[in-house]
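Could you build the full structure based on these sequences and the hints that come with them?
Residue -6 is where the sequence shown starts when you use our numbering, and the numbers rise one by one after that.
None of these hints come from the bench; they were simulated from the model.
Don't be surprised by glycine CBs; every beta carbon is placed ideally from N, CA and C.
Any given hint might turn out to be false.
[What the hints assert, rightly or not] Simulated DEER-style distance windows between Cβ atoms:
1. E147 <-> S117: 15 to 25 angstroms
2. D56 <-> A109: 16 to 26 angstroms
3. D15 <-> E147: 22 to 32 angstroms
4. D114 <-> T74: 21 to 31 angstroms
5. E138 <-> A64: 46 to 56 angstroms
6. R131 <-> E111: 22 to 32 angstroms
7. T106 <-> D15: 25 to 35 angstroms
8. R68 <-> D93: 26 to 36 angstroms
9. F40 <-> E138: 28 to 38 angstroms
10. N143 <-> R54: 35 to 45 angstroms
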Amino acid sequence: EVLLERSAAIFGADAGCVTLLDQAGGELLLIGARGFSDEVRASWARFPLATATPLADAARRGDPIWLASPADRDREYPHLTHEHPTYGARAWAALPLRLDQQVIGALGLTFATERAFELDDRTSLMTIAGLGAQAMERARLSTAERAALNAADEALAMLD
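The structure is reproduced here in structure tokens:
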């Protein structure tokens, strides 16, 4: 939620989502969304990494996808024009969430106006995506550490 809130505040994104790869690495799981209806959230709660969408492509390839206008979207993803409404979006950014060389998910942002995505914007958005990936990894490690400590405490209690 913080990642989406900051991205919206800094870059003027109207909506966005954060996905993480599932354990097997074959699907993206929606872990946060902002500016989308419950229906849209439900329909994209889990989808195959092989899906031809900007978000899945960013996660699969490990490279950002920049769509500055509906014309760019239609050229790169013509099937999406008919399959999925744009919900008023006029520009899209899909950024891999990367830890070193490992992609753990993707950040997707939509904008109500066309956007050129100048080099400064691209660099800043990639930096935010990288920081977001690091924060999510720290949270995952912290949760795993707490679970391990609880398991150790339970094992010690059984020994006593």
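To see whether the hints hold, each was checked on the structure:
In this structure, E147 and S117 break the distance hint of 15 to 25 angstroms, their C-beta atoms being roughly 45 angstroms apart. About 18 angstroms separates the C-beta atoms of D56 and A109, a value consistent with the hinted range of 16 to 26 angstroms. A C-beta distance of roughly 28 angstroms is found between D15 and E147, which places it inside the suggested range of 22 to 32 angstroms. For D114 paired with T74, a C-beta distance near 25 angstroms keeps the hint of 21 to 31 angstroms intact.
Take E138 and A64: their Cβ atoms lie about 48 angstroms apart, and the range 46 to 56 angstroms holds. At about 30 angstroms, the CB distance of R131 to E111 agrees with the hint of 22 to 32 angstroms. Between T106 and D15 the beta carbons are some 34 angstroms apart, a value that agrees with the proposed interval 25 to 35 angstroms. Separated by about 32 angstroms at the C-beta atoms, R68 and D93 satisfy the suggested range of 26 to 36 angstroms.
One distance hint, 28 to 38 angstroms for the beta-carbon pair F40 and E138, holds here, with the actual separation near 30 angstroms. Judged by the Cβ atoms, the range 35 to 45 angstroms given for N143 and R54 holds: they are separated by roughly 38 angstroms.
In summary, the one numbered hint that this structure violates is 1.
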